[in-house]
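Colleague: This is what each chain is made of:
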Amino acid sequence: MEAVDASTSAASPLLPAEDSPDRRDLAFLRFVARRLGTTVLTLFGASVLVFAVLNILPGSPAQVILGTQATPASVRELTIKLGLNQPLPLQYVHWIGGLLSLHLGNSYISGQPIAPELGAALAVTGPLVALGLLFGLAIAVPTGILSALRHRRASGTWLAAATQVGIAIPNFVLGILLIIVVAVDWRLLPASGFIPWSQSVGGALRSLVLPAISLGLVEGAILSRYVRTAILGVMRADYLRTARAKGLPAGRALVRHGVRNASVPVLTVLGLELSGLIIGAVVIEAVFTLPGVGSLLLSSVANRDLITVQDIVMLVATVVVVTNLLVDLLYRIVDPRLEVGG
Amino acid sequence: MTLLRVRGLRVETAGLPVLRGVDFEVAAGERVGLIGESGSGKTVAALTLMGLQPEGFAVRGSVEFEGRQLVGLSDREFSAIRGARMAMVFQEPMTALDPLMRVGQQITDAVRAHRRVSRSEARSRMLELMSRVGFPLPEEQARRFPHQLSGGQRQRVVIAIALACDPALILADEPTTALDVTVQAQVLALLQRLVAEEGSALLLISHDLAVVSSVCQRVLVMYGGTLVEAGSTEEILEAPRHPYTAALLSTSAGIGAESRLAAGRLPTIPGSVPSLGGFPEGCVFRGRCPREQARCQEAPPLVADGHRFACWFPLQPGAPSKLGTPIGR
Chain C
0 MEAVDASTSA
10 ASPLLPAEDS
20 PDRRDLAFLR
30 FVARRLGTTV
40 LTLFGASVLV
50 FAVLNILPGS
60 PAQVILGTQA
70 TPASVRELTI
80 KLGLNQPLPL
90 QYVHWIGGLL
100 SLHLGNSYIS
110 GQPIAPELGA
120 ALAVTGPLVA
130 LGLLFGLAIA
140 VPTGILSALR
150 HRRASGTWLA
160 AATQVGIAIP
170 NFVLGILLII
180 VVAVDWRLLP
190 ASGFIPWSQS
200 VGGALRSLVL
210 PAISLGLVEG
220 AILSRYVRTA
230 ILGVMRADYL
240 RTARAKGLPA
250 GRALVRHGVR
260 NASVPVLTVL
270 GLELSGLIIG
280 AVVIEAVFTL
290 PGVGSLLLSS
300 VANRDLITVQ
310 DIVMLVATVV
320 VVTNLLVDLL
330 YRIVDPRLEV
340 GG
Chain B
0 MTLLRVRGLR
10 VETAGLPVLR
20 GVDFEVAAGE
30 RVGLIGESGS
40 GKTVAALTLM
50 GLQPEGFAVR
60 GSVEFEGRQL
70 VGLSDREFSA
80 IRGARMAMVF
90 QEPMTALDPL
100 MRVGQQITDA
110 VRAHRRVSRS
120 EARSRMLELM
130 SRVGFPLPEE
140 QARRFPHQLS
150 GGQRQRVVIA
160 IALACDPALI
170 LADEPTTALD
180 VTVQAQVLAL
190 LQRLVAEEGS
200 ALLLISHDLA
210 VVSSVCQRVL
220 VMYGGTLVEA
230 GSTEEILEAP
240 RHPYTAALLS
250 TSAGIGAESR
260 LAAGRLPTIP
270 GSVPSLGGFP
280 EGCVFRGRCP
290 REQARCQEAP
300 PLVADGHRFA
310 CWFPLQPGAP
320 SKLGTPIGR
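If you read the protein sequences in the order shown, they are chains C and B. Residue numbering for the first sequence is 0 to 341, as defined by numbering that gives the first Met the number 0. Residue numbering for the second sequence is 0 to 328, as defined by numbering that gives the first Met the number 0.
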């Protein structure tokens, strides 16, 4: 609706349009509200899907917990104790109600509450993903800009080729290479394991450096291509020529107009890459034997600890969906052309 | 007083000539039109004057502006002239403005590019410029983004940017081509009024003879990267000497009331503009010209002062043109 207002008012010669700042703010709030609504719906759908898929799998958790030697009576007893005999919808409501009140339930295997264990794993994976993202950005932004500026020269072509190689290397291969060279040969950084934050912050960071590099390099190489394309787009844009015609030197014109304009496409890819980083973290944690969410997920799957798997998958889904929400909101702030009401 | 003196300006890309040695002058405060078909090199000429020719375009020859040689200046040296002494209005107002920046800010940037003024001084200059180009509520309209303005309004913003630092010369590259016909006339009138008020010279580039003749005192006709004819607007319109100018004239005159063509027939120039490497040796119009003879294999010089033309066999003043050939005949 706002889109129609804006265009008709713009067409009327030199008169102010109807979309005053106040109206725009209001429209933005409405957009946020609607977008939050769809986020909640998406998460609901995801939770139903996760729950359904994991409960369709054959095999009873009670049987797995008690082992093959267990009597049918003890299995039945445990099934009742775990609440697995209740109808599925009731089980779902029970699970989701727990999640909403931050009671993640108890592990089927250890009987211990899941929340502290997941919390400890998050203290590894969260910083790992964040460092990986930072490292990726630290690679992508300079190489992307440089290869765009030098796109007509050999150095730019080499840089673009190097990022292509970066994309082609699987992160676990890079991780193993880094372990062999940096950790084993040079003995600069630990090859595996994790020193908890409570013991030594420096030690924890040191154990995350190589995993974060393995994780971030590939994502950085992919992102670098997008940064390059975005900057090239700005360099060829008419408005950049206008800026130079005003008398801004080439570099200043690019900074003045390039940062915002190039950030629009880069932001999109960044949102998508975060999912890639989280998935990559599962593999990298295995390579570096880090006690993170990925390792917890793998062991829970192996143990048929369904409730833990459910919680972790739901957590990852939430992170991805919320990231998309944030990217969407950022878009609207950066690019005024996206009509907030439409 | 000569403001701009262009001598033997040659521009090449990948060994192909885009401009083949162009000579002309613009006096201070003069309004000069540069006309020609698409691909004749008009836009490249304007961009080269601004030092904004695309990457990989080699420039030779001489461009003297306010007594200063511009060919060979570094980007930084050129930046001190661009926008300050020589400014440009672009063809596409839709893309010439940064879509993510408020239009007021884009004008303010132009002011601050050359003037060491405070934020509030730059802002009041910006508001003054906006009202001068016809925004009745500059305070409010300065806060708009380009997509919230119409094409005509955007072109007014582009003109305000060009005027920001009182340039001595404004290059306007097809400033009205992308606009509605009614808006075209308004923008053209605005440009003409502002140039007169400022005492700036104007080089108006267009393919449209009507546009150029309504604004300019002198006309340069360009074809294939060379000037084929130059003279006062009256001379060019009333007594074209070069067959190409005559052909160009007949294509727009044919639409008038005195048209001798059958209804539904539009006059055209036979043939089409060759691609960059495809121009003939000698006279560039050879091959499309009905007056061609053996001598045309040699490039004709641009002769005489005042009304100049580059043709071995010019039309006699007053002779009717036989060049406009209707499509399908």
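FYI, nobody ran anything at the bench for these hints, they're computed from the structure. Even for Gly, the Cβ is constructed at its ideal location relative to N, Cα and C. Treat the hints with care, since some could be wrong.
Stated by the list, open to error - With the C-beta cut set under 7 Å, the calculated list includes, among others, these residues of chain C facing chain B:
#1 Arg205
#2 His256
#3 Ser262
What the hints assert, rightly or not - Label-pair ranges, simulated between beta-carbon atoms:
#4 C:Arg152 with B:Met93: 29 to 39 Å
#5 C:Arg152 with B:Ser117: 35 to 45 Å
#6 B:Ser117 with C:Arg259: 53 to 63 Å
#7 C:Val333 with B:Met93: 17 to 27 Å
#8 B:Glu138 with C:Val258: 22 to 32 Å
#9 B:Glu127 with C:Arg149: 22 to 32 Å
#10 B:Gly14 with C:Val318: 55 to 65 Å
#11 C:Val258 with B:Glu54: 19 to 29 Å
#12 B:Ala27 with C:Leu325: 34 to 44 Å
#13 B:Gly270 with C:Trp157: 43 to 53 Å
Colleague: Each hint: holds or not?
Modeller: Hints versus structure:
{"no.": "1", "hint": "Arg205", "in the structure": "violated (41 Å)"}
{"no.": "2", "hint": "His256", "in the structure": "holds (5 Å)"}
{"no.": "3", "hint": "Ser262", "in the structure": "violated (9 Å)"}
{"no.": "4", "hint": "C:Arg152 with B:Met93: 29 to 39 Å", "in the structure": "holds (32 Å)"}
{"no.": "5", "hint": "C:Arg152 with B:Ser117: 35 to 45 Å", "in the structure": "holds (41 Å)"}
{"no.": "6", "hint": "B:Ser117 with C:Arg259: 53 to 63 Å", "in the structure": "violated (24 Å)"}
{"no.": "7", "hint": "C:Val333 with B:Met93: 17 to 27 Å", "in the structure": "holds (20 Å)"}
{"no.": "8", "hint": "B:Glu138 with C:Val258: 22 to 32 Å", "in the structure": "holds (27 Å)"}
{"no.": "9", "hint": "B:Glu127 with C:Arg149: 22 to 32 Å", "in the structure": "violated (42 Å)"}
{"no.": "10", "hint": "B:Gly14 with C:Val318: 55 to 65 Å", "in the structure": "holds (56 Å)"}
{"no.": "11", "hint": "C:Val258 with B:Glu54: 19 to 29 Å", "in the structure": "holds (22 Å)"}
{"no.": "12", "hint": "B:Ala27 with C:Leu325: 34 to 44 Å", "in the structure": "violated (57 Å)"}
{"no.": "13", "hint": "B:Gly270 with C:Trp157: 43 to 53 Å", "in the structure": "holds (46 Å)"}
When the structure is compared with the earlier hints, violations turn up for hints 1, 3, 6, 9, 12 and for no others.
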